[in-house]
Amino acid sequence: MNERSKSGAEPETGLRRLVHDVSELALGDRTSFSQGRLTVSRSLASELPSDPALAEIRLSCVSPGESARIVGALDAVQPCTKGPGGAGVFPGFIGPALPPGRGETHVLRGAAVLAAGYLPRAQEAVIDMSGPVAALSPLGATHNLVIEFERASDAPWDEVEAAVRRAVLRVAVQVADAALDSEPDAVEELADPAATAPDGRARVGVVTNLQTQGKFKDVFVYGRSLSAGLPTVISPNELDDGAVVSGQYGHPALKNPTLLHQTHPVVAAVRESEELWLAALVLCPEPVEQGAKELVSAHAARLCASLHLDAAIVTKEGGGNADADVSLKMDRLEEEGIAAVGIFGEMAGRDGTGPSLVVPPSRATAMVSAGNYDERLSLPQCERALGRQEIALLDRPATDELELPAAAIYCALNPLGWGGLTCHEEAA
Amino acid sequence: MKIVHYINQFFAGIGGEEAAGAGPELREGAVGPGKRLDALLGDEHQIVATAVCGDDHASGKPEFASALVEQAREAGAELLVAGPAFTSGRYGLACARIVSAAAEAGLPALAAMHADNPGLAEAAGAPVIESGATAREMRPSLERLAAATVKLAAGEELTAEDGRTGPVARTNRMADRSAAERAVALLLRRLGGDREATEIPLPNFDHVTPAAPIADPADALVALLTEGGFVPAGNPDRLESARASKWIRHSLEGRDSVEEGEFESVHGGFSTQWANADPNRILPLDVARELEREGAIGGLHAEYFATTGNGTTVADARRFGVEWAAELHQADIQAAILTAT
Numbered sequence: 556m557n558e559r560s561k562s563g564a565e566p567e568t569g570l571r572r573l574v575h576d577v578s579e580l581a582l583g584d585r586t587s588f589s590q591g592r593l594t595v596s597r598s599l600a601s602e603l604p605s606d607p608a609l610a611e612i613r614l615s616c617v618s619p620g621e622s623a624r625i626v627g628a629l630d631a632v633q634p635c636t637k638g639p640g641g642a643g644v645f646p647g648f649i650g651p652a653l654p655p656g657r658g659e660t661h662v663l664r665g666a667a668v669l670a671a672g673y674l675p676r677a678q679e680a681v682i683d684m685s686g687p688v689a690a691l692s693p694l695g696a697t698h699n700l701v702i703e704f705e706r707a708s709d710a711p712w713d714e715v716e717a718a719v720r721r722a723v724l725r726v727a728v729q730v731a732d733a734a735l736d737s738e739p740d741a742v743e744e745l746a747d748p749a750a751t752a753p754d755g756r757a758r759v760g761v762v763t764n765l766q767t768q769g770k771f772k773d774v775f776v777y778g779r780s781l782s783a784g785l786p787t788v789i790s791p792n793e794l795d796d797g798a799v800v801s802g803q804y805g806h807p808a809l810k811n812p813t814l815l816h817q818t819h820p821v822v823a824a825v826r827e828s829e830e831l832w833l834a835a836l837v838l839c840p841e842p843v844e845q846g847a848k849e850l851v852s853a854h855a856a857r858l859c860a861s862l863h864l865d866a867a868i869v870t871k872e873g874g875g876n877a878d879a880d881v882s883l884k885m886d887r888l889e890e891e892g893i894a895a896v897g898i899f900g901e902m903a904g905r906d907g908t909g910p911s912l913v914v915p916p917s918r919a920t921a922m923v924s925a926g927n928y929d930e931r932l933s934l935p936q937c938e939r940a941l942g943r944q945e946i947a948l949l950d951r952p953a954t955d956e957l958e959l960p961a962a963a964i965y966c967a968l969n970p971l972g973w974g975g976l977t978c979h980e981e982a983a
Numbered sequence: 036m037k038i039v040h041y042i043n044q045f046f047a048g049i050g051g052e053e054a055a056g057a058g059p060e061l062r063e064g065a066v067g068p069g070k071r072l073d074a075l076l077g078d079e080h081q082i083v084a085t086a087v088c089g090d091d092h093a094s095g096k097p098e099f100a101s102a103l104v105e106q107a108r109e110a111g112a113e114l115l116v117a118g119p120a121f122t123s124g125r126y127g128l129a130c131a132r133i134v135s136a137a138a139e140a141g142l143p144a145l146a147a148m149h150a151d152n153p154g155l156a157e158a159a160g161a162p163v164i165e166s167g168a169t170a171r172e173m174r175p176s177l178e179r180l181a182a183a184t185v186k187l188a189a190g191e192e193l194t195a196e197d198g199r200t201g202p203v204a205r206t207n208r209m210a211d212r213s214a215a216e217r218a219v220a221l222l223l224r225r226l227g228g229d230r231e232a233t234e235i236p237l238p239n240f241d242h243v244t245p246a247a248p249i250a251d252p253a254d255a256l257v258a259l260l261t262e263g264g265f266v267p268a269g270n271p272d273r274l275e276s277a278r279a280s281k282w283i284r285h286s287l288e289g290r291d292s293v294e295e296g297e298f299e300s301v302h303g304g305f306s307t308q309w310a311n312a313d314p315n316r317i318l319p320l321d322v323a324r325e326l327e328r329e330g331a332i333g334g335l336h337a338e339y340f341a342t343t344g345n346g347t348t349v350a351d352a353r354r355f356g357v358e359w360a361a362e363l364h365q366a367d368i369q370a371a372i373l374t375a376t
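Protein chains in written order, with this note's numbering: chain P, 556 to 983; chain B, 36 to 376.
Calculated from the structure, these hints are not laboratory results.
Please read these numbers as outputs of a predicted model, since none were measured by experiment.
Errors might be hidden in some of the hints.
[Claimed, not checked] Simulated pairs of lysine to aspartate or glutamate, DMTMM-like, Cα-Cα distance not exceeding 20 Å:
1. B:K281 with P:E958
2. B:K281 with P:D950
3. B:K281 with P:D906
4. P:K770 with B:D313
5. B:K281 with B:E172
6. B:K96 with B:E60
7. P:K770 with P:E714
All chains should be modelled from the sequences, with the hints used to inform the complete structure.
Structure follows, in structure tokens:
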């Protein structure tokens, strides 16, 4: 503050989001963006820096309404850039490991770049591009540039995973770069959280747990795992620029891909509210050990108290033990006098009659249901499969008519609050 | 109306745990608690036969149910009533399986058990009437069951007023707003002073009373069990890495330990790297064999049981537990080590 007043210049805070709506996606001779049509060069995959862990990368396009299914969906990213080569987006991977979230960012809304294929520990995630299940996944409504890959023989799987992530992020930046000179469809100004809320609005924190459970189940902040760390506060505007990148492939329905961190639904909903003020984003690790869960939860609540928050919404990633991370935080927040709401996916069994939560809160009560993970869904036959040609879970061709639990549908119960699923009660 | 009543080996007078392996049979007329039930049903209804099966048999061989239902139909049954099973897990599972098999065969059926009985989740929609927790509450339990049976025989729907118990199902539906938007709305209610508002009522968890310690481990046969997704290399049974719907068993005979490359974990909830480098970390066969050689334990069961405890439904987990208990009873095992991951 002092430095700023000495210089006399207005501090440049906040982020200007330049939104380009994508309504069409196709492969073509060169990468370009015009009038909502994103064309991706057929040779883009071969022009990527070669990676010793990958033998081959293939690109294909799939759009909403097509009779197509993506099987083995891994991470998905919203294309974004701040200038040629990204100019600071995806810090720690593409840009230098420094906090982003200021200046201008071009985003291609309605498009996604995602990887699909086999990785160890990755539970098979399914996206339908049409039919009744398409509406359960955010990727069912986006124009998707799908990256399929072949492992180089004998490459260690963790190196394959890192190589796939680099490829996805590079492609996401390259296709966004094509829109740098286009007139945006919308310009959105995002203020940085201010010290005081206007009009006496309640100061709300968004407390987001990142699953940090080892290889193939990790999430990165500025390119680093948060696994050994404590909760940290960043500007929510940094999310738009890819400060949080997912490398977590468990629990397809309860997964938070990079794209949903970039467009964090709870952050967006709090920004939209005329009665609440978005005061902080608190990122927390989601450790496996109970003592660490208790420490992280108590520490997060103290951080929220030191930020003088009136209320907080707590989100998680994954199932089972991840419930404890939400419940403990809700309880500790309420003890600090901070009203707490948590978003949970229910695990109530196939018929919905089992206990919904693995670890419920003991003090807090306000819980939002993102639906029951175990309920079965019918997926119709489709014409084309991307990612994997068979459903390993059922040992069937991927294009078959299938019955799958909601748990297998990519982001169907997204714990960042993207989806519309919830539960209602009826006698069994 | 002609009614067939299902009871277990204990209430049929065959015997206790030592007779739990008894196979299914149909006896003429009312037996044991069926006699009192028959009297309570009045003159219009009659228990024409009693279906009996040992609890271990019924837990391990679910096909007992359809066989008994067929025999009951041959005996002229127009309705099937099972229990009361109180809180007895294997008996409750048996009652649930037989009423579910009857309902599937188009025969009206109802069971009686306590609301905490693991069998409740297996009744597949057939009505279950709440009973007391133990046989000390036999009389009021039979009175309630008899009244419900008369009502069901009259073709009426059974409700909570008749003592119908059963889980309430939480079913998916699409809300008109996203979970994030609903979280904001709930937060506004919470800030407005409403401490009750929630979309998820707090679940009730049941409590497990541990079995009494065994008198002398040196006399005990011990089984090794695990929920660690522990399978022979290549996973020939295709045990799921998450949301397991089944459990598997494999022989440990002739093995002193479980070796890298021969067994592995397919559990999807943790990094299996260290488990696969030394599978004894999940199934501690190496040290168990040492204890066996030293005489610290009487012996090891010839096979291990395994499932995957990762997003497994409580209903499935309870069923696995009841089935494992029945199997271990049958094999005369006194203690089990269940490694959790």
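Going through the hints against the structure:
At roughly 18 Å between alpha-carbon atoms, K281 of chain B and E958 of chain P fall within 20 Å of each other, so this suggested pair holds. Proximity of K281 of chain B to D950 of chain P is assessed by CA-CA distance (about 16 Å); at most 20 Å being required, the pair is judged to hold. Proximity of K281 of chain B to D906 of chain P is assessed by CA-CA distance (about 17 Å); at most 20 Å being required, the pair is judged to hold. Taking the CA atoms of K770 of chain P and D313 of chain B, the gap is about 19 Å. The hint holds against a cut of 20 Å.
Restraint check for K281 of chain B and E172 of chain B: not satisfied, since their Cα atoms lie roughly 35 Å apart, outside the 20 Å limit. With a CA separation close to 14 Å, the supplied pair K96 of chain B and E60 of chain B stays within the 20 Å bound. Of the supplied pair hints, the one linking K770 of chain P and E714 of chain P holds, its CA atoms being roughly 10 Å apart against a limit of 20 Å.
Against the hints set out earlier in the document, a violation occurs for number 5 only.
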